[in-house]
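If you're matching them up, the sequences are chains A and B in order.
Per the numbering used here: the first sequence ends with 713, consecutive numbering throughout.
Per the numbering used here: the second sequence ends with 1359, consecutive numbering throughout.
In short, the hints are calculated from the structure, not lab data.
Yeah, the Cβ is synthetic: ideal placement off N, Cα and C, and Gly gets one too.
Just so you know, not all the hints are guaranteed correct.
Label pairs and their in silico Cβ distance ranges [said to hold, decoys possible]:
no. : chain 1 : residue 1 : chain 2 : residue 2 : range
1   : B       : Glu-1080  : A       : Gly-657   : 53 to 61 Å
2   : A       : Ile-479   : B       : Gln-1115  : 55 to 63 Å
3   : B       : Ala-1125  : A       : Glu-501   : 31 to 39 Å
4   : A       : Arg-328   : B       : Gly-1341  : 57 to 65 Å
5   : A       : Met-679   : B       : Tyr-1019  : 17 to 25 Å
6   : B       : Asp-1072  : A       : Trp-39    : 50 to 58 Å
7   : A       : Ser-524   : B       : Tyr-1309  : 48 to 56 Å
8   : B       : Tyr-1019  : A       : Val-376   : 50 to 58 Å
9   : B       : His-1095  : A       : Ala-236   : 27 to 35 Å
10  : A       : Thr-318   : B       : Gly-1341  : 44 to 52 Å
11  : B       : Gln-1115  : A       : Ala-236   : 33 to 41 Å
12  : B       : Tyr-1019  : A       : Ala-175   : 56 to 64 Å
Example chain A residues on the side facing chain B (calculated, C-beta under 7 Å, incomplete) [what the hints assert, rightly or not]:
no. : residue
13  : Lys-130
14  : Gly-131
15  : Asp-381
16  : Ala-433
17  : Asp-592
18  : Leu-595
19  : Gly-603
20  : His-605
21  : Met-617
22  : Pro-620
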Amino acid sequence: MTRFRIVWLAIGWAGLLVLPWYGLDDVVSPPALFAGSPWLLPLALPLLVAVWALFGRTRLRALLAAGAAGLVWLATQGLLIGQHGWAFGWLIALLGPGPRQAAMGWGAVCYALACMMLLAYGLARLGACKGDVFVVGSILLVVGLIALFVFYPVLCILSSAVRDNDGSFAPSLFAEKLFSRSIWGLDCVFGVRSCGVAWNTVAEATLVGLLTTLLGLAFALVALRTRLPMKPLLRALSILPIITPPFVIGLALILLFGRAGVVTVWLGNVFDIPRSRWIYGMPGISIAQVLAFTPIAMMVLFGVLQGVAPSLEEASQTLRASPWYTFRTVTWPLIRPGLANAFLIGFIESMADFANPLVIGGNFTVLSTDIFFAVVGASHDQGRAAVLAIVLLAFTLTAFLAQRFWLGRRSYATVSGKGHTGIPATLPASVRAACYSAIVPWLVLTVAVYGMILVGGFVVSVGRDNTPTLEYFWTAFSIERGVGGWFLSGSAWNSFIVTIEVALIAMPFTALGILTAYLLDRQSFPGRRSFEFLAMMSFAIPGTVIGVAYILAFNVPPVSLTGTGTIIAIAFAFRNMPVGIRAGLANLSQIDRSLDEASLTLGAHSFGTLMRVIVPMLRPAIVTAMTYSFVRAVTAVSAVIFLVTGHYNLATVYIVGRADVGEYGVAIVYSAVLVIFMMMVLILIQVLVGERRIGRRTETPPLEAPGLALVQG
Amino acid sequence: MSGGNASPAVEFRDVTKRYGNVTALHAVNFSIARGTLMTLLGPSGCGKTTILRLIAGLEQASQGQILIEGVDVTLLSAAERDVSMVFQSYALFPHMTVLENVCYGLRASGMRKAQAVELAQAKLALVGLAGYDARLPSELSGGQQQRVAVARAIVLEPKVLLFDEPLSNLDAKLRRHVREEIHELQQNLALTAVYVTHDQQEALAISDRIMVMNMARIAQDGTPRQLYEQPSSQFVADFIGDANIVPVVIEGRQGELASVRLGRLLLTLPHRGAIDGSAELSIRPQALLLAPGAGSSDALAGRVSKAAYLGSHMEYRMAVHGLSKEVFVIAQDVEAPFAAGDEVAVTLALSGVALVPQR
Chain A
1 MTRFRIVWLA
11 IGWAGLLVLP
21 WYGLDDVVSP
31 PALFAGSPWL
41 LPLALPLLVA
51 VWALFGRTRL
61 RALLAAGAAG
71 LVWLATQGLL
81 IGQHGWAFGW
91 LIALLGPGPR
101 QAAMGWGAVC
111 YALACMMLLA
121 YGLARLGACK
131 GDVFVVGSIL
141 LVVGLIALFV
151 FYPVLCILSS
161 AVRDNDGSFA
171 PSLFAEKLFS
181 RSIWGLDCVF
191 GVRSCGVAWN
201 TVAEATLVGL
211 LTTLLGLAFA
221 LVALRTRLPM
231 KPLLRALSIL
241 PIITPPFVIG
251 LALILLFGRA
261 GVVTVWLGNV
271 FDIPRSRWIY
281 GMPGISIAQV
291 LAFTPIAMMV
301 LFGVLQGVAP
311 SLEEASQTLR
321 ASPWYTFRTV
331 TWPLIRPGLA
341 NAFLIGFIES
351 MADFANPLVI
361 GGNFTVLSTD
371 IFFAVVGASH
381 DQGRAAVLAI
391 VLLAFTLTAF
401 LAQRFWLGRR
411 SYATVSGKGH
421 TGIPATLPAS
431 VRAACYSAIV
441 PWLVLTVAVY
451 GMILVGGFVV
461 SVGRDNTPTL
471 EYFWTAFSIE
481 RGVGGWFLSG
491 SAWNSFIVTI
501 EVALIAMPFT
511 ALGILTAYLL
521 DRQSFPGRRS
531 FEFLAMMSFA
541 IPGTVIGVAY
551 ILAFNVPPVS
561 LTGTGTIIAI
571 AFAFRNMPVG
581 IRAGLANLSQ
591 IDRSLDEASL
601 TLGAHSFGTL
611 MRVIVPMLRP
621 AIVTAMTYSF
631 VRAVTAVSAV
641 IFLVTGHYNL
651 ATVYIVGRAD
661 VGEYGVAIVY
671 SAVLVIFMMM
681 VLILIQVLVG
691 ERRIGRRTET
701 PPLEAPGLAL
711 VQG
Chain B
1001 MSGGNASPAV
1011 EFRDVTKRYG
1021 NVTALHAVNF
1031 SIARGTLMTL
1041 LGPSGCGKTT
1051 ILRLIAGLEQ
1061 ASQGQILIEG
1071 VDVTLLSAAE
1081 RDVSMVFQSY
1091 ALFPHMTVLE
1101 NVCYGLRASG
1111 MRKAQAVELA
1121 QAKLALVGLA
1131 GYDARLPSEL
1141 SGGQQQRVAV
1151 ARAIVLEPKV
1161 LLFDEPLSNL
1171 DAKLRRHVRE
1181 EIHELQQNLA
1191 LTAVYVTHDQ
1201 QEALAISDRI
1211 MVMNMARIAQ
1221 DGTPRQLYEQ
1231 PSSQFVADFI
1241 GDANIVPVVI
1251 EGRQGELASV
1261 RLGRLLLTLP
1271 HRGAIDGSAE
1281 LSIRPQALLL
1291 APGAGSSDAL
1301 AGRVSKAAYL
1311 GSHMEYRMAV
1321 HGLSKEVFVI
1331 AQDVEAPFAA
1341 GDEVAVTLAL
1351 SGVALVPQR
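With the rest of the complex left out, here is chain A (with noise of 0.2 Å):
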């Protein structure tokens, strides 16, 4: 285990001595010992003390130390030190203007990465996790990583927000914003101009939560309480939102109900119904919602509803009880908890959205659009959008941890190996025609949203000028001869290679949520629940969130990555990653520990152990995984919309800027490539992972809150 140790202290050195220390594109910046700074030259210390440390059995507290102190003094000069001096005004008045030093590069990178592992050598010969220098090693660079790339940005919301646009600290300007009238007015009340941005969107987040817990509840009793054959087409509408880039809906819905929609018009022209902008606004962003969210609370309920033993039911039928009594006062009970969770599903979701409030949301702003007009709007206004950030945040995170503490307890349905026999009871009459009240409207308006998603980019003019056309295909899609052979002209291709690119580059982090999943599920550490609580916690954080934490945190030194691509692969790997620990979790719980033990007792250490059992039975999930986390990073917006450039622009943030200025033909053109091709991807993995195990992925446990990840917007 010498040759671990040796090899990290010479990347370690690399990084001090031979790589370029500020800038990861700047590959002429000096290394740290000759960069002129002499605030780097303490780094050696730490380096010098591991060398020492290497000739000496009992040298480990030196060399935990040491590792500890690089890392810690790494981050303070780091953030002490900035672009134009001191990071702080205090140190300023204090001090003078101060030193000035670029963002960190690949041998800052390196520095830290070896400074971490010594770190973990230390603990692990110390004896943290039975002296598995691997699992200390991967916990501390998971934990870092997610310190890094997730608490940091949302650390720097924060302090951007008691700030003022100089950057000097503003309490009281923040408290203005804060509790300013633009967000928590009541004038809809008590007057005639609108509520405050919050109230707005609590309202909506609330009225789409309750609609898609209905419909949710409407599909899992109709599928499984009827003898209606549902459940195939249950399997098919729940991969609807996974490869349905979010706002294509509210796109769809402008092109059936807004002034020039199709409906519209064929009921101005046979009832003599007006015109309007009804569709702008509230009710728009709710339906779009409720049909984009709907499949997700569908999914929930089915798994609660499956989990009440059909054997209480019918204990119940023996004791007399009619259906509606039985219902009443058994089923209903049982499922009310999963109904609870399914509605803060929604209500997260929709509070996360920005897309389809963005495209039909009129002049009704919400949290999350608000704070894009902030940042990108004429005000740019980066301390308002950090306030409503915060807002957002608030709101979200509460949600959460009401679903996680307070439900976490109340969950009755079982879901345990033994089958319970029984059929279960038939629903009501009036209950089930109810049921077929609520799912059949929603069926019609999918069916005709995505039939308008499919057909609407072929027409000239949807509803005004039904010639088929392809021009908008061509405009985006065209490849043309040219003088150097053939070459993508179309104006879509740009942007849609970039998203895959992008997406492809992010796909493997997927790995990381799985690693984290192994470290969460067969180690055991001090800290590993409030590990598993944050790494949780950040999904719930809304996509606009991170997105605006994310250009003010690495727009700056110490750590500068916005303009590049890497930024956004970097976004997509860590808000995929609980589609990795999901999977991860969901899979490893399947196999027994005693496997692990068992390699581990035939020597095989930890990561040989990870290497050669667990992953090659994890595969088809770990695959599986990983074609979602695609997917998903194929069809998102709100984070990335705040990150793409000009030369790194996305499919989605392209189709939102296209319609945007109301051409609408493109959008949906290139939205129908995306979902055609998001689907023939689903249905290539499914054919080569085979149908059977995806099939099983799908039906994992469903109350392990299945929203908490799904969070995009």
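We have chain A; now place chain B onto it with these hints.
Using the frame of chain A, we list chain B on its own:
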């Protein structure tokens, strides 16, 4: 056993294991001589599996030291200890063939493939599974899977071989057979083995030494005969074989022996540290001998309250004059059994009677 100055195969020095507030093992000390098979026996939750996992390195001691052949391994991970284990579930890797399973440990420690295969095949032949190389674990019977697990463990020639209830997934008939095989293998290869079970018969049959665990502590440590004939506590007496624990009075001591008053009988037994006054006596069910008729000066009077015919023997429950509670009796005579209500004369076979020292 082997080599007078050799350090013991395994040694525990004041080892404590805590899980949060729960103490799974309380300052345990013991050592295991090389080449012996020691069994850890006890009810579930007594700490026996914890000891096994501590030896394997699958758990880390909260306090104390663990030594294997004199080397302190307390802080070493499982992979770094020269120990292998046969799991209750066998833990065969389902995605590998039998041969790959047995090669696994050798390959993990860097052995060339050809050599690993050769060694693995030799061990498979040893457990009677030559020719099963290419099968998957799912294509084997429970007993065969068990043998693969044993082959996989012994092919590494570990310093200590650990068995975690290896027979509990086998049906009753197979158990005796596999038990004998394991014992034979351990003897032939002169392996040090630690064996966890909650089945006292299995423990008695297979062990050189048994350590009975109770409530995170060692209750008694000794040969099977010592444990059966001289239990050191009521718990051990009751756990190893059935025992009737009855209160008695010690009337006097002479050297190693004590005079014990049991009803109208006066017995002379090794006192084993019991002091004068009231004490407890462990009486094996077989040690109560029944004869027709009433009690006399050298027999106690008893009355059968329940009788059951079990083919090879009879089981009785009876009230005995002078004893405060009913006793349980096993009698070999099935030709002329007693019936409920019969009056019998009860005498004691001293080989099955022992004073239980008070704590």
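So, going through the hints one by one against the coordinates:
1. A beta carbon spacing of about 58 Å between Glu-1080 of chain B and Gly-657 of chain A agrees with the range 53 to 61 Å that was offered as a hint.
2. Look at Ile-479 of chain A against Gln-1115 of chain B: about 58 Å separates their beta carbons, and that is inside 55 to 63 Å.
3. For the pair Ala-1125 of chain B and Glu-501 of chain A, the beta carbons lie near 55 Å from each other, so the given range of 31 to 39 Å is not met.
4. Checking the proposed 57 to 65 Å range against Arg-328 of chain A and Gly-1341 of chain B shows it holds: the Cβ atoms sit about 59 Å from each other.
5. Between Met-679 of chain A and Tyr-1019 of chain B the beta carbon distance is about 49 Å. The supplied range of 17 to 25 Å is therefore violated.
6. As the Cβ distance of Asp-1072 of chain B to Trp-39 of chain A is approximately 43 Å, the hint placing it in 50 to 58 Å is violated.
7. Between Ser-524 of chain A and Tyr-1309 of chain B the C-beta distance comes to about 53 Å, which sits within the given range of 48 to 56 Å.
8. One distance hint, 50 to 58 Å for the beta-carbon pair Tyr-1019 of chain B and Val-376 of chain A, holds here, with the actual separation near 53 Å.
9. Between His-1095 of chain B and Ala-236 of chain A the Cβ separation comes to about 32 Å, which falls inside the hinted range of 27 to 35 Å.
10. At roughly 45 Å, the beta carbons of Thr-318 of chain A and Gly-1341 of chain B sit within the given window of 44 to 52 Å.
11. The hint said 33 to 41 Å for the Cβ distance between Gln-1115 of chain B and Ala-236 of chain A, and at roughly 54 Å that hint is violated.
12. For the pair Tyr-1019 of chain B and Ala-175 of chain A, the supplied restraint of 56 to 64 Å is violated, since their beta-carbon distance comes to about 48 Å.
13. Contact between Lys-130 of chain A and chain B, as hinted, is supported at the beta carbon level, the nearest pair being about 5 Å apart and thus within 7 Å.
14. At its closest, the beta carbon of Gly-131 of chain A sits 4 Å from a beta carbon of chain B; the interface hint therefore holds under the 7 Å criterion.
15. Among the interface hints, the one on Asp-381 of chain A is violated; its C-beta lies about 50 Å from the nearest C-beta in chain B, farther than the 7 Å criterion.
16. A least Cβ separation of about 49 Å between Ala-433 of chain A and chain B goes past the 7 Å threshold, and the interface hint is therefore violated.
17. The criterion of a C-beta within 7 Å of any C-beta in chain B is met by Asp-592 of chain A, whose closest approach is roughly 6 Å, and the hint holds.
18. The closest approach between the C-beta of Leu-595 of chain A and any C-beta of chain B is roughly 5 Å, which is under the 7 Å cut-off, so the hint is satisfied.
19. A hinted interface residue such as Gly-603 of chain A counts as satisfied when its beta carbon comes closer than 7 Å to some beta carbon of chain B; here the least separation is about 5 Å, so the hint holds.
20. For His-605 of chain A, the shortest C-beta to C-beta distance to chain B is roughly 4 Å, which falls under 7 Å, so the interface hint holds.
21. The restraint placing Met-617 of chain A at the interface with chain B holds, with a minimum CB-CB distance near 6 Å, inside the 7 Å limit.
22. Restraint check, Pro-620 of chain A versus chain B: the minimum CB separation of about 11 Å is more than 7 Å; hint violated.
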